[in-house]
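Undergrad: Protein sequence lines correspond, in order, to chains A and B. Its first residue numbered 147, the first sequence is counted upward by one per residue in the working numbering. Its first residue numbered 4, the second sequence is counted upward by one per residue in the working numbering.
If you are wondering where the hints come from, they were derived from the structure by calculation, not from laboratory data. None of these values were measured; they are calculated from a predicted model. Do not rely on the hints blindly, as some may be mistaken.
Beta-carbon label-pair distances, calculated as ranges [to be verified]:
hint, chain 1, residue 1, chain 2, residue 2, range
1, A, Ser226, B, Gly20, 44 to 54 Å
2, A, Glu228, B, Pro112, 40 to 50 Å
3, B, Asn25, A, Asn163, 40 to 50 Å
4, A, Ala149, B, Arg64, 22 to 32 Å
5, B, Leu49, A, Arg255, 20 to 30 Å
Ideal Cβ placement from N, Cα and C applies to all residues, glycine included.
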Amino acid sequence: DTAVSQTPKYLVTQMGNDKSIKCEQNLGHDTMYWYKQDSKKFLKIMFSYNNKELIINETVPNRFSPKSPDKAHLNLHINSLELGDSAVYFCASSQGGRGSPLHFGNGTRLTVT
Amino acid sequence: QQQVKQSPQSLIVQKGGISIINCAYENTAFDYFPWYQQFPGKGPALLIAIRPDVSEKKEGRFTISFNKSAKQFSLHIMDSQPGDSATYFCAARGENFVFGPGTRLSVLP
Numbered sequence: 147d148t149a150v151s152q153t154p155k156y157l158v159t160q161m162g163n164d165k166s167i168k169c170e171q172n173l174g175h176d177t178m179y180w181y182k183q184d185s186k187k188f189l190k191i192m193f194s195y196n197n198k199e200l201i202i203n204e205t206v207p208n209r210f211s212p213k214s215p216d217k218a219h220l221n222l223h224i225n226s227l228e229l230g231d232s233a234v235y236f237c238a239s240s241q242g243g244r245g246s247p248l249h250f251g252n253g254t255r256l257t258v259t
Numbered sequence: 004q005q006q007v008k009q010s011p012q013s014l015i016v017q018k019g020g021i022s023i024i025n026c027a028y029e030n031t032a033f034d035y036f037p038w039y040q041q042f043p044g045k046g047p048a049l050l051i052a053i054r055p056d057v058s059e060k061k062e063g064r065f066t067i068s069f070n071k072s073a074k075q076f077s078l079h080i081m082d083s084q085p086g087d088s089a090t091y092f093c094a095a096r097g098e099n100f101v102f103g104p105g106t107r108l109s110v111l112p
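Sequences are here, hints too, so could you generate the full structure?
TA: Below, the structure is given as structure tokens:
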């Protein structure tokens with residue numbers, strides 16, 4: 147029943163490691179996103195994919211690489227993790243067209259030690 | 004131009020009171036203004052939204068007031084309940100969504 151699901155919910159890892167976060171949506175939406183929420187709760191867009199094509203790539207280090215195998219999935223791979231990458235990462239989806247709301251997953255809390 | 008400003012940063016209201024959160028924007032290309040509610044450990048969830056051709060929208064205890072000329076919009080929560088305690092984000096959509104910094108609402112029993 148979950149509309150936007152992401153795994154894992156928690157991810158604790160050491161600096162320098164590579165990790166991935168997976169996201170799937172069953173809403174039939176054509177656009178998916180990754181957002182980063184920092185410790186002050188500020189939500190910032192990282193990437194947006196529309197029908198498997200990257201359409202937004204904000205100022206994000208190239209250690210972050212999104213992958214969209216199909217329009218229901220958008221995964222986030224992070225290389226060489228740094229302490230500053232610690233945050234909550236949210237996947238979201240929307241139906242194309244202005245005026246369509248975002249639907250968020252429940253987030254992945256990444257802690258880099 | 005892409006910013007959405009939001010105030011207050013935090014708000015404490017007694018049960019039964021009215022909670023008011025204000026947002027302002029600059030970009031006149033924004034054409035959709037949602038409010039999201041986020042509980043700890045959860046993702047933001049759409050609460051209510053408005054388009055700029057409407058000055059007010061009400062859904063239950065939640066009302067958005069929209070002032071297009073002032074480029075401001077606000078969320079009013081009537082009869083606030085302890086279960087409303089959460090972080091609220093206003094947002095605006097142009098080419099993509101831009102979020103305000105959030106308001107942490109605490110409703111005291």
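Undergrad: All the hints need checking, so say for each whether the structure fits it.
TA: To see whether the hints hold, each was checked on the structure:
The beta-carbon spacing between serine 226 of chain A and glycine 20 of chain B, approximately 49 Å, falls within the hinted interval of 44 to 54 Å. Under the hint 40 to 50 Å, the C-beta atoms of glutamate 228 of chain A and proline 112 of chain B, about 42 Å apart, fit the expected range. The supplied range of 40 to 50 Å is met by asparagine 25 of chain B and asparagine 163 of chain A, whose beta-carbon atoms lie about 42 Å from each other. About 24 Å separates the C-beta atoms of alanine 149 of chain A and arginine 64 of chain B, a value consistent with the hinted range of 22 to 32 Å.
Separated by about 22 Å at the C-beta atoms, leucine 49 of chain B and arginine 255 of chain A satisfy the suggested range of 20 to 30 Å.
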